[in-house]
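Engineer: Here is what each chain is made of, one letter per residue.
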Amino acid sequence: MEPKNTDLSTTNNHGDFDIEFINVTKHYGDVVALNDTNLKIPRGSFHSLLGPSGCGKTTSLRLIAGFEQPTSGDVRHRGVSMVGIPAYKRPVNMVFQHYAPFPHLNVEENISYGPRQRSPKPPKQELKKLVGEMLELVRLPGFQNRRIWQLSGGQLQRIVLARALINRPAVLLLDEPLAALDRKLRREMQMELQSLQREVGITFVLVTHDQEEALSMSDTISIMRDGGIVQTGTPSELYDTPVDRYVADFVGESNFFSGIVSAADSAQATIQTKTEISLTAPYPEGGKHLTIGQRGAIAVRPEMVLIWPLTHEQPKDIDFSVKGRITNRIYLGHQAEFRVVTDSLGEILARIPKTAEAVTRDLAPGDEILLGWQWNFGLAMPDA
Amino acid sequence: MRFYALLVYLFLYIPIGIIVLFSFNAGRHASELQGFSIKWFGIALSNPFVMEALKTSLIVAGTTALLSSIMGTMAALGLQNVRGIVRMIFDSLIYIAIMIPGIVFGIATLVALATALDFINPMLKNIWPIILGEAPRLKLGLISIISAHTLWTTALATVIIRARVQGMDRSLIEASIDLYATPWRTFYQVTLPQIFPGILAAALLNFTLSFDDFIIAFFVAGGRTTLPIYVFASIRRGITPEINAIATMMLIVSLTLLFTSQGLLRKRK
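Heads up: the protein sequence lines correspond to chains A and B, in order. The first sequence maps to residues 1 to 384 in the numbering used here. The second sequence maps to residues 1 to 269 in the numbering used here.
Since the hints were made in silico from the structure, they are not lab data. Please note that the accuracy of each hint is not assured.
As the list claims (entries may be wrong) - Pairs of lysine to any residue, SDA-like flavour, derived with a Cα cap of 25 angstroms: (1) K89/A x G141/B; (2) K121/A x R185/B; (3) K323/A x P353/A; (4) K124/A x Y88/A; (5) K121/A x P193/B; (6) K121/A x I96/B; (7) K40/A x V200/A; (8) K316/A x Q268/A.
Starting from the given sequences, assemble the full structure and let the hints guide the process.
Structural biologist: As structure tokens, this is what we get:
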């Protein structure tokens with residue numbers, strides 16, 4: 001471990017990262033909330049911790065905030081260890097899940113709470129000016145004297161954002177900040193948070209269980225499960241090259257075909273399903289390699305699946321096809337979604353973009369069709 | 001059904017109503033009404049014995065309310081982090097303290113105080129510097145009533161304030177700490193304002209309890225006379241409209257405080 005009074009040379013080595021987890025483990029009694037986790041969040045980025053409840057994402061956030069101390073390992077801010085430093089001395093601020101505005105204070109007193117803890121206290125005029133600027137930033141000018149109970153959910157959200165941002169923290173932590181808002185307001189706040197992050201330029205760390213939210217807002221995402229990070233990457237990396245079935249399932253939708261690995265090398269694997277169908281696909285980048293005899297799965301995104309009527313000839317590039325019957329067709333505007341039942345591969349989901357509609361326009365539930373995909377659009381991975 | 005309910009209420013409140021009614025009696029007898037007058041209130045308030053007892057009662061009740069709400073707050077805040085068997089023991093002890101009959105409490109505190117004084121007084125005599133003259137002899141009085149009442153009402157204060165502490169959003173405290181407030185500043189800038197209505201309600205309620213208490217005070221008062229003790233003593237010489245006037249005034253004070261504290265407890269959210 002490095003000494004805590006880090007000199008400049010060490011700071012420079014790690015200073016590009018606002019937050020670093022180095023082998024961090026956190027136990028609550030017998031429960032392991034976070035297990036030997038490593039994480040680097042680059043300065044100025046919008047990073048999301050995504051996972052179901054109990055995966056350790058909130059624990060990670062509380063470790064950064066200082067409400068919890070790691071059982072072992074190191075949590076660093078710009079290369080400097082923060083272990084043992086209490087929450088009120090850390091240069092990070094948090095937006096709580098239920099906002100936690102101080103109900104006995106008005107909006108102005110809430111927002112100026114942080115600066116008022118400094119000693120010496122900033123002069124009154126300066127505080128007033130700062131609060132005014134913050135209210136402009138969150139687009140609630142003139143709200144200084146409102147009481148907390150007079151505000152709607154969306155307004156409260158902006159007030160607690162202002163209350164955090166007025167301190168110019170190095171990192172802003174957001175704990176499921178949009179969970180309590182209705183759908184329309186949530187979309188609006190997602191965009192607003194994103195542009196706010198670009199405007200103030202500080203690192204945002206968002207905790208959420210909503211994949212759509214994480215994908216649409218973040219520069220980078222860490223997918224978490226059972227107290228550990230499964231994969232960290234940009235939204236498109238996670239979508240295009242999920243390292244395992246869990247990530248493929250969590251980020252977007254996938255068709256999975258599982259079975260026993262019958263052939264494998266360092267680039268691709270072939271899986272034999274129960275129904276004696278052989279499917280071959282490459283590994284995702286950074287994914288685990290498979291060995292013959294183990295259980296594996298091929299994941300295929302619905303966008304990669306093509307369908308065509310029996311009377312048509314097989315599209316070129318498609319080297320594999322299987323017969324099926326359409327059970328459902330949903331019109332989604334920009335694309336059409338087909339549910340197809342096949343004898344050999346079970347139910348398969350296909351999404352056909354509007355631009356490729358010529359072949360599928362007249363297909364309806366009940367119709368027999370052929371379906372297939374280009375082999376290298378599938379991904380071979382262990383069957384979790 | 002409603003008729004029986006009415007009878008029950010009449011049975012409960014008629015005696016009190018009669019006392020209030022007769023405190024406005026112009027005549028000197030407690031049994032027959034001879035017109036309306038508020039002269040007995042004047043007579044009661046100009047009686048030096050009444051005023052002395054009232055002063056004692058106010059000091060006792062005020063100090064008790066203050067001390068028990070401070071200790072109740074400390075207990076309520078401390079207990080929120082205690083779990084398991086230790087918590088169960090504390091909870092049982094608190095409820096037992098509330099349920100103990102006044103007379104048992106009176107005897108117990110009297111015995112405890114007397115034993116303590118028997119132990120302290122000789123010691124004090126031995127260590128007292130001669131230069132300061134004769135050693136003071138501690139005896140039952142104002143301080144012993146206050147300690148007994150504080151002991152008795154702290155349990156109730158703890159229960160009332162704890163309800164408020166539990167109703168408080170814990171993330172408010174974390175939010176304050178996150179915003180650079182030290183634990184101590186967080187206490188008086190967030191926790192205290194949040195639970196203050198509970199503390200005030202407990203203080204008012206305990207003021208009433210202490211102000212009205214006769215049983216415990218009677219055991220540990222020593223030579224001091226509180227208002228209830230004075231009323232009890234004078235009632236042996238017969239009921240006069242003056243006593244009725246004192247009772248009416250005590251009733252008004254108690255009810256006002258009681259309603260205020262109930263209002264404070266109900267107003268949350």
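Engineer: Going back to the hint list, which numbers does this structure go against?
Structural biologist: 1, 6
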